[in-house]
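**Q** Heads up: the protein sequence lines correspond to chains A and B, in order.
One point on numbering: in the numbering used here, the residue at position 319 of the first sequence is 319, and numbering is uninterrupted.
Position in the second sequence (first residue = 1) + 1000 = the numbering used here.
Honestly, the hints are just simulated from the structure, not real lab data.
Only true hints are included.
In silico lysine to aspartate or glutamate, EDC-like type, Cα no more than 20 angstroms apart, as pairs:
(1) LYS307/A <-> ASP1047/B
(2) LYS396/A <-> ASP1057/B
(3) LYS419/A <-> GLU1030/B
(4) LYS307/A <-> ASP1045/B
(5) LYS1075/B <-> ASP329/A
(6) LYS240/A <-> GLU1064/B
(7) LYS93/A <-> GLU1082/B
(8) LYS1092/B <-> GLU340/A
(9) LYS391/A <-> ASP1057/B
(10) LYS391/A <-> ASP466/A
(11) LYS391/A <-> GLU1050/B
(12) LYS1075/B <-> GLU84/A
(13) LYS396/A <-> ASP1045/B
(14) LYS391/A <-> ASP1045/B
(15) LYS240/A <-> ASP1071/B
(16) LYS1066/B <-> ASP241/A
(17) LYS240/A <-> ASP1057/B
(18) LYS307/A <-> ASP1036/B
(19) LYS396/A <-> GLU1050/B
(20) LYS99/A <-> ASP1074/B
(21) LYS1092/B <-> ASP329/A
(22) LYS307/A <-> GLU1043/B
(23) LYS99/A <-> GLU1082/B
(24) LYS1092/B <-> ASP346/A
(25) LYS391/A <-> ASP1047/B
(26) LYS93/A <-> GLU45/A
Rough simulated footprint, nothing fancy, chain B against chain A, three-plus residues with beta-carbon under 8 angstroms:
(27) 234 to 247
(28) 299 to 311
(29) 327 to 339
(30) 349 to 360
(31) 387 to 397
Quick caveat: nothing in here was measured; it's all calculated off a predicted structure.
Each residue gets a CB set at the ideal place from its N, CA and C atoms; glycine is no exception.
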Amino acid sequence: MSDLTNLTLAELRDGFRKGDFSAVEVAESFNEAVAGADALNAYVEKTPELAIEAAKAADEARSSVSLKPLSGIPLGMKDLFATEGVLTSAGSKMLGNFKPPYESTVSANLKAAGAGMLGKLNMDEFAMGSSNETCAHGNVISPWRREGSNAGITPGGSSGGSAAAVSARIAPGATGTDTGGSIRQPAAFTGITGIKPTYGRCSRWGIVAFASSLDQAGPMARTVRDCAIMLENMAGFDPKDSTSIDAPVPQWEAGLSSDLKGKRVGVPKEYRIDGTPAEIDALWDQGVEWLRDAGAEPVEISLQHTKYALPTYYILAPAEASSNLARYDGVRYGLRETVEGGGLHDMYKATRSEGFGDEVKRRIMIGTYVLSAGFYDAYFTKAQRVRALIKQDFRKAFERCDMILTPTAPSAAFGLGEKTDPLAMYLNDVFAVPASLAGLPAMSVPGGLDKDGLPLGLHLIGNEMDEQTVLNAGLAIEERAPSIQLPEKWW
Amino acid sequence: MSVTIDQVRHIANLARIQLSDEDAERLLPELNNILDWVEQLGEVDTDGVEPLATVVDQQMRLREDKVTDGDIRDKVLSNAPEPQHGFFGVPKVIE
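Isolated chain B (complex conformation) (with noise of 0.2 angstroms):
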């Protein structure tokens, strides 16, 4: 399978990447080349083979519910790119 332009345009915007027409010229190739290699594994018979997720062969811990650690605004804010009054500032997001 190899990717198009256009879909390289399309996975970028997915990606939240910008790219200049320049840009998606240069990775098209690169992206392609990539694919065509990974496309081994194909080869593989994986029939009945469960996926392997982590490696760590152990149960998922639960903790208790409730709140360890908290009362540290400022900290949490201290390397916001732009803070107001306490919260995370953003561009305008409603008209």
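Chain A on its own, in the form it takes in the complex (with noise of 0.2 angstroms):
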């Protein structure tokens, strides 16, 4: 049985409708991987019972024909998207308890097109952190290690735990958030496919908030078609998010090809960084070939203010955070601490102090200092006026080029406690936070391996509204690249 875990999402889905194994059958083979990879730490809550009651509607559907897009699809879900009556802690302390009365509209979206729950996935704390060591629930580890080597490498974050989820094929799909590169970086350390959408597809009702003007859900999969698959059920206009879009959803994986003839893609010159490794630049120079290849023309574009990008980012989002992360007093939900003989104020330093991190206190610190009267219009105001800088430059090179081509990340996974220094760490998501502050589309997809053998990934991003160029350009780098062979089973 457990070879229906090597399938991918969109054999698993046809396989079903054929014929060829039950829906039940996959959800155990899923169930039976997850319970068996605990080494990996990936998965913080398992919820079986949700995915065989899915997959037995799944079954009955089946005879009756009123089959849904995902019928027979067990996914699993980043513990930060609220399921109802289960575990949704945000990778926190704060949260450790906390069981919504309620269900995310991108998980609801998903639920309603058939798909089962094989469980909650870990996470960074608050989705705040590049390689899952800021979990409450302990370090994800990446399915992957160098040749050679048995030490512990990072899925990459937040959306670590989906990563390594898919890349152990205990998971056949997986969500994940993006705030500034949180579904593509770990896609592309764990050599699996990843898409942020645009701004506004898909709801962030349910998601639990880091920055709210940055935030947004997207699928991570083994192929990009899978992506599409998933993303077609994720998205959707909800009234609920005053930010959602309201335009239908277009038929993504129906409209997957990969001839780009007629396409132009932009490689920006600033993205020519000191200190790149050059197999990372080698493998850019592959990628503009393989979308050569497929048709499309590489154009010379210039996004001049790309060095301000992570500046930027690392004033707005702990600015949003440290006025989102307000609600966790310790008063309505989560983790409560008192003083003895203390008042409310004392409850509210206890519980704050006990149940975040390090990395939240020290994110929600700079946002709090950033917003401070006398700071505000040095910090926050003049960050929003480079990011409509940022989004400009994107503008104007759209008016140029259909696509961007970039890397993913400026390296290979790194391995488990080998960054210690936090700004160090924040330099990783220097390729992906651009595209996050203009609220475009963007997708890693596997390009290659690195001398160590690990996955290395190419970032695409499109203009606003059009996934599908950013999918079908996937679609041709993947059909192009080497074939990744996903690690071994050694958990």
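Using the hints, build the complex out of the two chains.
**A** Put into structure tokens, the structure is as follows:
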């Protein structure tokens, strides 16, 4: 039965429809694989019964021809999505016992499309981190290892549990969220595919908030096609999210085509950054050639404020986070710590000091500072102005090209514990953050392996609302890149 | 601009985070490193540029001012650390 876990989401869907196997067989295979993968620490809560329940419904629907788009597919859910009656901890001790009485719109959409849930996936606390070393539930260990080494490797972050689960084949697909690269960087680090759609495509309702003007949900899966299938069933207008885009969801899977004739691919010169390993630049050049081979014409473009994207992000995201995380005060949900004889103020402080980890506290502190009287204009408003310039750079660039190609991350996955300086960790998002600030759709697809045998990703950025071009270019790369063998089970 | 240890304590107080002296000492250089680094935004000429708060190019939607949800008190309180008599319980506020 375990061979079912090797199939892609599309193969599972189609095989189930043809009658090659039942949905319950699929769910059982994955439940078994999940149960045997504790060493990766990818799941923080397993829900095998929910996977089986959805599978039974799918098997019944198959006989009554009322199949739904994701009937027969079990999925992993990042622990940032509120799931009714099931632990939703956002990777934090603060929400260590939180069971929402409601369901996030994205997870509800997937459920309504017939998908089952295998469990909740580990992540950096409140999605703040690039390595899954800030989780209250302990680090996620990537199924990947450097050649000839058993040292633990990070799966990236913050959607590291999702990335590890898909690459270890303990989920055929998983939800992720991306604020400054949290889908794309872990996808690149684990040899899988992930897309962040245009800001507003997926409802943020019921997703634990980090930085509201940037947060966006998206799928992580083995192939471009699988991402298209999942995204179609996650996206859609939601009146409960004031930033939700009121537009129909395109049929991205049906629109897939790797013929890029007549398309221009922009190569931004500012993304050539000193200190980037030669193999990353070489992969980037190779990616341009693959797209040229698919019919696209490369053009050099300029995104002149690229250098300022990271500092802009590290003002805006902590500022929004400090505001969003003010709700964790010990009153309505989550942890409460009281002080003997203390009042309300003491309770707030004790609760927040106990409930938040170091990285979250650091960002709340930065955010509180940049929003405080006297500094608001110098930092926050200034960053919002630079953000406008970054968006304008992209707008101009898309007058000259249809998509932009860059590397996803400046390195392959690093070892757990190897990066200890917070600033050095932030620099890991250098290629991913600009598209987040501009709200553009962006995707990482596997491009090859580095000298240690670890995966490297290529990054495609598209114009607003144009996920289709991003997916199509992703498919063109996927068809040409050497196919990546996912790691053999050692866990 | 760099922050002093007293400012770190002040920010922590505003953020309702309790810091030990040791925490404050550890955070001081970390925060200053990050703040020094974001200072580079000063190089960018942003005169006449409108601050961008949201990337979604659409009008804010209004909805009818009526209750669409409700009568779920027990659900709302289901995760409260100390609900009392159908309310959120908190430590005594008024002496």
